[in-house]
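Protein chains in written order, with the working numbering: chain S, 27 to 374; chain G, 1077 to 1420.
Among the hints, a few may not be true.
Computed list of lysine to aspartate or glutamate pairs in EDC-like fashion (alpha-carbon distance at most 20 Å, straight line) [stated by the list, open to error]:
(1) Lys-77(S) - Glu-63(S)
(2) Lys-134(S) - Glu-167(S)
(3) Lys-1194(G) - Asp-67(S)
(4) Lys-150(S) - Glu-1205(G)
Computed list of chain S residues with no C-beta within reach of chain G, every gap over 12 Å [said to hold, decoys possible]:
(5) Leu-69
(6) Asp-116
(7) Phe-165
(8) Asp-298
(9) Leu-335
(10) Asp-346
(11) Leu-372
Derived from the structure by calculation, the hints contain no laboratory data. Fair warning: this is a prediction, and the values are worked out from it, not measured in the lab. Note that beta-carbon positions come from the ideal geometry of N, C-alpha and C, so glycine has one too.
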Amino acid sequence: MELRVLLQEISQRDGVSGFEQLLASYLSQQFEVFVDETRTDHLGNLIMLKKGSKGFPRVILCAHMDEIGLMVTKVEKGGFLRFTSLGGFDVRTLPGQVVTLYGTRKVKGIIGFTAPHLQTDTEKKKSAEMDQLFIDTGFPEEQVKELIPVGSVAALQRSVVELMNQSCAGKAMDDRAGIAVLWQCATELQKLTHEADVYFVATVQEEVGVRGAVVSTYGLTPDLGVAVDVCHGNIPGAQEHQVSELGKGPVITSGPNIHPVITRKLTTIAKDYRLPFQKDVSPGPTGTDARAIQVSMEGVPVGLLSIPLRYMHTSVELLDLDDVKQGGRLLAYFVSSLDKNLVEELSC
Amino acid sequence: MLIQELSNLPGVSGDEGKVREFIRGQLTQMGIQHHVDTMGNIYARSRGPEKEGLDPGLMLSAHMDEVGLMVACVEKSGHLRFYPVGGVNPWSLVSKPVKIGKEEVPGVIGAKAIHLQKAEERKKALEIEQLYIDIGAKNKEDAEKKVQPGDYACFDTRSDTLADGKIITGKALDNRAGCAALLELLRRDYPASFTAVFTVQEEVGLRGARVAAYRVNPQVALVLETTTAADLLEVKEKDFATTVGRGPALTIRDGSVVTHPRVLERLIETAEKEARPYQFRQFTGSFTDAGVISLSRSGVKAGVISTPCRYLHTAASLLHREDWEHLVEIADGFVRSVHEKGLE
C-alpha cells in the first residue's frame, strides 16, 4: 500500500476516544507484515513489537489512534439527539457537519441548528453553543430511541480531499498522521538494521486526557520513547512562533517535557541524512503522549516528533504528505542508530 | 436519483452552466426542443398539442442556481478570501470542502484551531470576512496556477440518503428538487402543452425569472420551489414555517408575492381531489421567482408550491422524498386542471 492510500484509509475510519477497537483491528492488519508480535492491553492500546538484533535498548514509538467525537446524551421530541463532546471541539465548526452514529447499528445524521430567519441579529453574531445544536437522523422519534441509545458515540464523516502539492485534508489527521509516520517508519526499517526492540504503540484516549500512553508505557517499561503527534501549521492570523510550515519537514520539539539528548539525536540524524526538519519549543508539558511517557514509573526519556497540521480539531485538518513521509524516515534512522551508548548518555 | 445528480452539480448564481448542460441533455434525450436566452434561462415546451386561447397561457418554472461563494482575492500566503453569492448561511461554512471554478479545484474552508484562540474569540460567530479557502498552494503565485479572483465556489457535498432512504441530503436541494420535478413533468403527456423555464440567478434577486416571464408572457405561472422547514429542536411549532414529511407547502404569501387566489384554490382543489397531503407555508418572509413573474408586463396569476427542506443554504440540507413526490403529482394535476377548465 502507498502511504497516501494508507493515510486516506485510516483518516476515514472512525475511532472516537474510548471506542477505538474497530480501528485497532484495521491497524494491526496494516502493520502485520512488519512486526513480530501484536497485542492489545486492557485499555485497548495496540502494541506491536519489531524485534532488533540485540533486543536492547527497548524503544516505544507512540501515536494516538483516537479522534475527538461526540456522544449522545438525550433523545428529544421529534427524534433529535442532544450530544456532548469527547475531546475539544470548536462548536462553530459543527453546524452542517455530517456524522456517523454508532448505535445498535450505524446511522448517518446531520448536525442541525436553527433556521436563520428565527435568529435575531445579536444571536447571529454569537458563536453556536453545543446545546443549540442537535443531530438529525431523519428517523421518527420511536425509531431513534431503538437505534441510538443514549451513550452512543458519533464520529465526524469526511472523505479525504486531495489538494495541491501533495497536501490533503480530512478528519482525524490528528493523530492518524502520527500513525502513518509509524507505518512509514516500519516500512523503512525493513531496509535497515537495528539493535533495538521497537514497539509501535497506537494509543487510546489521548484526546480525553492522554490516558492510553499512561498504561501502555508502564506495561512496556521502555528505555526510551518517541511520541509522534501533530502541531499547528501556518495559517492566517496565527503568530509565527505558534506555527510551523507545511512541507518543510517534521518538527522536533525541545523543552522540559523532552529529553535533550533525544532532541539532539533526532536533529543530528536529520542533518546527517539530509532530511528536512523544523524546530519548535514547548515551555511545559506538551499536549501529547510525551506528557505521560516522561513521568511513567521512574521516568522514561522521551522525544517528540510532530507533523504540521492546519485547522486542528476540525473535519478539514490539512497536512502535507511529504512531512509524514520524511517523519517516518527520520524516525527509522533514529531507531536504527539506537545502542547502549545512547542509553548511557540519557542519564544526566 | 435525478435530484441527487442535480444537487451534486456546481451551479452558483451566475455560473449555472453545468446544471444547464445537464438539463439540456435530459431534454434532448426526451426529444423536447428548447432554447436558451442571453442570461442562461432554458425554455422548453412540454409534450401535448398547443391549445387555442390558453396558449401561451401556462408557465412552470424552477430556478437552477444555488447559493455559494466567489473568490475575492488570492492572498500572499496562497489562501483565498471570498464573497458570499446569495444568502449562504455563515454558520455552516467553516470546516467544509468546496470546489472552485470550472476545473472544480478542491479546497477546504479552514479556521484557526481552537487551541490558538482566546476564550473571547470563541464566543463570537465566525464572520465571512474571517474565513478563507485553502487549496494547499504554497503561495499566491502557486495558487494562481489553479484559481483566479471571480471564480465561483460551491460546497463539495455528495448527495446522500438518511433514514433508510426516506430522506435525501445535499448541498443544492434548493432548488434542484424543483428542477427535478419540472423535468419529471416534462416526461409526461398533457392535453395541451405548457412552457417550462429553468431560471438563473434566483438567489441574487430573482433576476432570471424577470426576463423569462417577459419573454414567455404567460397568463398563469406556477413556481416549483424548495422552502425552509424549521421544524427543529427548541423551535416553537408556530415558527416551523413548514414541516418535513407533511406534504408539499403552498404559499399564501411570501416577501415577494401574494399567491393569486384562483391559483391557490386550484392547487388545494387538486391536492384534495387526488388525496395528496399538503400544508401551508406559515412564514411570510423571503422571496421567490413568483414575485417578479406576477409583476411581469400587465400582471400574471402566479403561485408557489415547495418541498420543505431543513438547513437550507448550508453544505447539507435535507428533504423528504415523499414530499417531493406529492409535489410532482399536485403540480401535474394543476396543469391538467388549468388546461381543462382554465382559471377563471
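Here's how the hints hold up against the structure:
1. Lys-77(S) - Glu-63(S): holds, 9 Å
2. Lys-134(S) - Glu-167(S): At roughly 15 Å apart (the allowed maximum being 20 Å), Glu-167(S) and Lys-134(S) satisfy the hint.
3. Lys-1194(G) - Asp-67(S): With a Cα-Cα distance of about 38 Å, the restraint between Lys-1194(G) and Asp-67(S) is violated, given a limit of 20 Å.
4. Lys-150(S) - Glu-1205(G): Answer holds: Lys-150(S) to Glu-1205(G) is near 15 Å, not above 20 Å.
5. Leu-69: Non-interface label stands for Leu-69(S): nearest chain G Cβ at 25 Å, farther than 12 Å.
6. Asp-116: violated, 4 Å
7. Phe-165: violated, 5 Å
8. Asp-298: holds, 27 Å
9. Leu-335: Its Cβ does come within 12 Å of chain G, the nearest being 8 Å, so this is violated.
10. Asp-346: violated, 8 Å
11. Leu-372: holds, 30 Å
In summary, the structure is inconsistent with hints 3, 6, 7, 9 and 10 from the numbered list given earlier, while agreeing with the others.
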